[in-house]
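Residue numbers (my numbering), protein chains in the order written: chain A, 4 to 440; chain B, 4 to 440.
Hints listed in this document are in silico derivations from the structure and should not be mistaken for laboratory results. Take the hints with a grain of salt, since some may be wrong.
Any copy, or any two copies together, can satisfy a pair, since identical chains are not distinguished.
DSBU-like, lysine-lysine: derived pairs with alpha carbons at most 30 Å apart [to be verified]:
{"#": "1", "residue 1": "K273", "residue 2": "K390"}
{"#": "2", "residue 1": "K35", "residue 2": "K23"}
{"#": "3", "residue 1": "K320", "residue 2": "K390"}
{"#": "4", "residue 1": "K195", "residue 2": "K376"}
{"#": "5", "residue 1": "K413", "residue 2": "K35"}
Nothing here was measured: the structure is a model prediction, and the numbers come from that model.
There are 2 protein chains.
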Amino acid sequence: MNKKVLTNPLSGFMELLPSKQMLFNKKSDIIKQTYETFGFIPLDTPVLERLDTLMAKAGEEAEKQIYQLQRGNKKLGMRFDLTVPLARYVAENYGQLTFPFKRYAIGKVYRGERSQAGRFREFYQCDIDVIGDKTLDLRYDAELPAIIYTVFSKLGLKEFTIRINNRKIFNGLFKELRIEDNSADIMQAIDKLEKIGEKAVKIDLEKCGLESTVINRIFDFLNLAGTSDEIIDGLAQLGVNNNQFNEGLDELSEVISLVRKFGVPESSFKIDLTIARGLDYYTGTVYETQLNKYPEVGSICSGGRYDDLANFYTDHKLPGVGLSIGLTRLFDQLVKKGIFKTETTTPTKVLILPMIDDFKPGLELASILREKKIATEISFADSKMKKRLGYANKLSIPWAVFIGEDEITKGVYALKNLETGKQEEVNLEELISKIQQ
Amino acid sequence: MNKKVLTNPLSGFMELLPSKQMLFNKKSDIIKQTYETFGFIPLDTPVLERLDTLMAKAGEEAEKQIYQLQRGNKKLGMRFDLTVPLARYVAENYGQLTFPFKRYAIGKVYRGERSQAGRFREFYQCDIDVIGDKTLDLRYDAELPAIIYTVFSKLGLKEFTIRINNRKIFNGLFKELRIEDNSADIMQAIDKLEKIGEKAVKIDLEKCGLESTVINRIFDFLNLAGTSDEIIDGLAQLGVNNNQFNEGLDELSEVISLVRKFGVPESSFKIDLTIARGLDYYTGTVYETQLNKYPEVGSICSGGRYDDLANFYTDHKLPGVGLSIGLTRLFDQLVKKGIFKTETTTPTKVLILPMIDDFKPGLELASILREKKIATEISFADSKMKKRLGYANKLSIPWAVFIGEDEITKGVYALKNLETGKQEEVNLEELISKIQQ
Numbered sequence: 004m005n006k007k008v009l010t011n012p013l014s015g016f017m018e019l020l021p022s023k024q025m026l027f028n029k030k031s032d033i034i035k036q037t038y039e040t041f042g043f044i045p046l047d048t049p050v051l052e053r054l055d056t057l058m059a060k061a062g063e064e065a066e067k068q069i070y071q072l073q074r075g076n077k078k079l080g081m082r083f084d085l086t087v088p089l090a091r092y093v094a095e096n097y098g099q100l101t102f103p104f105k106r107y108a109i110g111k112v113y114r115g116e117r118s119q120a121g122r123f124r125e126f127y128q129c130d131i132d133v134i135g136d137k138t139l140d141l142r143y144d145a146e147l148p149a150i151i152y153t154v155f156s157k158l159g160l161k162e163f164t165i166r167i168n169n170r171k172i173f174n175g176l177f178k179e180l181r182i183e184d185n186s187a188d189i190m191q192a193i194d195k196l197e198k199i200g201e202k203a204v205k206i207d208l209e210k211c212g213l214e215s216t217v218i219n220r221i222f223d224f225l226n227l228a229g230t231s232d233e234i235i236d237g238l239a240q241l242g243v244n245n246n247q248f249n250e251g252l253d254e255l256s257e258v259i260s261l262v263r264k265f266g267v268p269e270s271s272f273k274i275d276l277t278i279a280r281g282l283d284y285y286t287g288t289v290y291e292t293q294l295n296k297y298p299e300v301g302s303i304c305s306g307g308r309y310d311d312l313a314n315f316y317t318d319h320k321l322p323g324v325g326l327s328i329g330l331t332r333l334f335d336q337l338v339k340k341g342i343f344k345t346e347t348t349t350p351t352k353v354l355i356l357p358m359i360d361d362f363k364p365g366l367e368l369a370s371i372l373r374e375k376k377i378a379t380e381i382s383f384a385d386s387k388m389k390k391r392l393g394y395a396n397k398l399s400i401p402w403a404v405f406i407g408e409d410e411i412t413k414g415v416y417a418l419k420n421l422e423t424g425k426q427e428e429v430n431l432e433e434l435i436s437k438i439q440q
Numbered sequence: 004m005n006k007k008v009l010t011n012p013l014s015g016f017m018e019l020l021p022s023k024q025m026l027f028n029k030k031s032d033i034i035k036q037t038y039e040t041f042g043f044i045p046l047d048t049p050v051l052e053r054l055d056t057l058m059a060k061a062g063e064e065a066e067k068q069i070y071q072l073q074r075g076n077k078k079l080g081m082r083f084d085l086t087v088p089l090a091r092y093v094a095e096n097y098g099q100l101t102f103p104f105k106r107y108a109i110g111k112v113y114r115g116e117r118s119q120a121g122r123f124r125e126f127y128q129c130d131i132d133v134i135g136d137k138t139l140d141l142r143y144d145a146e147l148p149a150i151i152y153t154v155f156s157k158l159g160l161k162e163f164t165i166r167i168n169n170r171k172i173f174n175g176l177f178k179e180l181r182i183e184d185n186s187a188d189i190m191q192a193i194d195k196l197e198k199i200g201e202k203a204v205k206i207d208l209e210k211c212g213l214e215s216t217v218i219n220r221i222f223d224f225l226n227l228a229g230t231s232d233e234i235i236d237g238l239a240q241l242g243v244n245n246n247q248f249n250e251g252l253d254e255l256s257e258v259i260s261l262v263r264k265f266g267v268p269e270s271s272f273k274i275d276l277t278i279a280r281g282l283d284y285y286t287g288t289v290y291e292t293q294l295n296k297y298p299e300v301g302s303i304c305s306g307g308r309y310d311d312l313a314n315f316y317t318d319h320k321l322p323g324v325g326l327s328i329g330l331t332r333l334f335d336q337l338v339k340k341g342i343f344k345t346e347t348t349t350p351t352k353v354l355i356l357p358m359i360d361d362f363k364p365g366l367e368l369a370s371i372l373r374e375k376k377i378a379t380e381i382s383f384a385d386s387k388m389k390k391r392l393g394y395a396n397k398l399s400i401p402w403a404v405f406i407g408e409d410e411i412t413k414g415v416y417a418l419k420n421l422e423t424g425k426q427e428e429v430n431l432e433e434l435i436s437k438i439q440q
């Protein structure tokens, strides 16, 4: 026959086989449910936005990555994150929202990045944000990492570190050193510290025109190490005499103390002075999260505080703080590393196999089980038993129920555990309780 | 200040305030859970597809509506339904799927239709399909409407009718009347019957070049009325001597008898011989579903049987049957008619209000409640009690818990029902049981 159309998904677009899809949904449901138990409200905004709306907030890099389209004379784009739509939404619905507005969103975003292993062009972000009206308490900067800690624990992740910093510290230091006009280039150089090491970064900083005394003071700062408390002491002793620096230090110190109060164990968070995160966007606390054993995965949950979420869209001042889990990439990596393991290929727990043509008794049982939220299928009696059981085995359905003349006469069911092979005669009550165990 | 960027969503794109979003999610969860209790496997495919893939299956009308984009030298499009991606997926993963492959999908699709009240350009479809390998039992043509009946009942809809027909009956009749070459135009004319009436349709059919004897035979057929059984008898007595017609009649008769066996009450389904649904796509059973009291809403759930789902993508013969709920439009209409009513604005059930600066006792209570899946927020003690309670009232949070020195000393909580205003001192156990009631 003729050549057919290509059937693989586009490169950079995740598409899963049933068992992995079931696993993905399970993880995504855990995130959703945890966000909800903390009282966050769900929000679902369109995938398409006016290109203007996206451009108003996108940095140069994001702009290039936007999937653009034209409809009539309108320029549209696919959203590249969930924060821009949130800003637009809060600006649009300001009068009808209750502040602090706590919302979560789990949805697909699009970035036309160059194709690369482990990078996705369509991926799920799972965001929580708290938006204040004019002001927003610093406690939220500590509550969000506590929520993320709960989420990751429930996802079965153990060894991860939420790294916390405050952008005001950087900004204040740069002002003190009178290098704030050059801060974008300098930050870019510093961002590479983990990748290329101190020596190479120093050379880059020289290229930025920095004198060696200034470079040394930057590294006095970057090299502060130890526990969170030791770093805070170290920062206080640096002798930086700048208001913004000191404000950032106070905030960081307060956030760290609150994160402890919110119950995050010392082993799961730390101060990391090298975290900058999108120089123009965040204005206070910033976060990144890494898997201790797999730093190569990169940050699996990032975010921060912004003074004014929606300044492009409204004159209301809306400070906010948010965190975002990049679920698609996280899932992909943890499946590959064997940390997330598939469990089941179908929701079905019971396959009912009528042994006679009349499938009414099977249907009645199915209805009862489904009302108890036990997923149930019926296999029709027109093919051989081996083939019918083969379907259950291929899908790893755990239970089979046979219903024949005998069973109907006696008012019982033949219940078979397809894992152990054990079969027994049970009444309805026993059947339900065995399956629910 | 200056003019800001537009903040309303694009026209034809639904965006909901929190209380409606909560309601939408509740309805969508009911659909999802019901599909799963029937053993359907979730599937999530990319929103973007190769334009070729979409074009291979799109009719002329759909083609015009595809949101197209170009990335490098690749032409892409946003999916306009969930069936085309399913076809591509099954073709791609044929060797790794278990047949009959039962999958559900709930996702956004895109159609650049002309803007019109009640029409959406981005909308959710909630699809179930069963795909067979080479063959697929007719019982699935009856099980699907039974599932949809369960879904709609659980959604709180009472008066709806699943209309069932079989395309082979039409096709056979057209062959018998030797008008099959003209069938597309004729079908189009017949499709307007409910809107413009018999007289006007007859004039249109004359314009198609049909003789009055042929038109009369078509109307003998279309005017068959009565119960499902009466229509089936009427069809048998029409004296059509065509194999395809008789095959269609047998199938329809069998499907109707099976739909009864599957427990769908007689009042919720009927044969409707005027249903055609996309002449080129469906090959057997076809369905449409209407709300009895609101026919103007149009079909809220449509679908049918297709002999060969993925013939553009694979040489494997994959017959299937599917049904799709257009949730966005259904939701929009039922909210406007007051049938779907908002209940809550936040997942939060409890607002904990510490009366002292130390919020640790509040946090401990919150953790316990959240572990029991009771959504809980903590209000911090830095603003006035009136303002803190105002937040709970605006969001209609049902319960408040006050924790002050007194309560901590006595080991109790002051629990207030914010609907009745009643406040009482309770211990932890009582608190949980009252809230869970």
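Quick rundown of the hints versus the structure:
1. K273 to K390: neither (56 Å within a copy, 34 Å between copies)
2. K35 to K23: This pair counts as both: shortest intra-copy Cα distance 18 Å, inter-copy 18 Å.
3. K320 to K390: between (65 Å within a copy, 19 Å between copies)
4. K195 to K376: neither (51 Å within a copy, 42 Å between copies)
5. K413 to K35: Neither: 46 Å inside a chain and 36 Å across chains, both beyond 30 Å.
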